[in-house]
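S.K.: Following the numbering used here, the numbering of the sequence shown begins with 1 at its first residue and continues without gaps.
Because the hints were derived from the structure by calculation, they are not lab data.
Among these hints, one or two may not hold up.
As the list claims (entries may be wrong) - Ranges between beta-carbon positions, derived for each pair:
#	residue 1	residue 2	range
1	Asp137	Pro23	33 to 39 Å
2	Thr71	Gly22	15 to 21 Å
3	Pro102	Ala57	22 to 28 Å
4	Gly54	Pro102	39 to 45 Å
5	Ser78	Ala46	17 to 23 Å
6	Val47	Leu80	28 to 34 Å
7	Glu68	Gln122	16 to 22 Å
8	Glu68	Pro42	29 to 35 Å
Yeah, the Cβ is synthetic: ideal placement off N, Cα and C, and Gly gets one too.
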Amino acid sequence: MRALGIDPGLVRSGWAVVEPVGPRTALLGHGIIAPPTDAELPARLAVGARQLRGVLAEFRPDFVALEEVFTAPRHPRSALLMAHMRGAICLVLEEAGLRIVPLTATTVKQRLTSSGHASKEQVQRMVLRLTGLGPTDGLRLDETDAIALALAALHQHTHPLARLARR
């Protein structure tokens with residue numbers, strides 16, 4: 001069962017694909033969907049959707065873990081803009097016939113670190129430990145979050161978290 005994790009954002013959306021391989025879980029790929037920031041909103045959404053379709057065609061996931069939109073009372077406009085990209089992502093996933101597993105950041109933190117209040121750095125350390133990647137492997141925070149989403153969803157649906165093997 002292959003899981004795609006997506007950390008949605010209007011500027012950058014991180015993505016990562018994981019799959020159980022025997023007693024381990026392999027990190028198959030990860031990256032950033034980054035529409036041009038100087039384009040109008042509809043064009044940014046279209047570019048993001050096109051880039052996501054490319055990821056789906058290459059990795060053919062069985063389901064997708066998608067982070068829920070976080071709303072901060074002080075930044076409602078940011079949440080609204082992010083919701084536009086999340087909506088475009090949901091549309092592409094629905095068109096592809098993929099099941100979406102919505103996860104909150106708190107749930108992901110709880111599954112990976114046993115604390116729903118873990119810092120981004122603690123989650124990143126756990127992802128690096130589980131994947132065998134090092135801090136010098138150049139992961140952006142968006143990619144780390146996407147890996148964490150994919151691992152948490154895979155754990156929820158199929159396997160306990162195991163040490164990851166690179167493929």
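S.K.: All hints are to be evaluated individually against the structure, with a verdict given for each.
M.R.: Results of checking the hints against the structure:
{"no.": "1", "hint": "Asp137 to Pro23: 33 to 39 Å", "in the structure": "23 Å, violated"}
{"no.": "2", "hint": "Thr71 to Gly22: 15 to 21 Å", "in the structure": "40 Å, violated"}
{"no.": "3", "hint": "Pro102 to Ala57: 22 to 28 Å", "in the structure": "23 Å, holds"}
{"no.": "4", "hint": "Gly54 to Pro102: 39 to 45 Å", "in the structure": "23 Å, violated"}
{"no.": "5", "hint": "Ser78 to Ala46: 17 to 23 Å", "in the structure": "21 Å, holds"}
{"no.": "6", "hint": "Val47 to Leu80: 28 to 34 Å", "in the structure": "19 Å, violated"}
{"no.": "7", "hint": "Glu68 to Gln122: 16 to 22 Å", "in the structure": "20 Å, holds"}
{"no.": "8", "hint": "Glu68 to Pro42: 29 to 35 Å", "in the structure": "24 Å, violated"}
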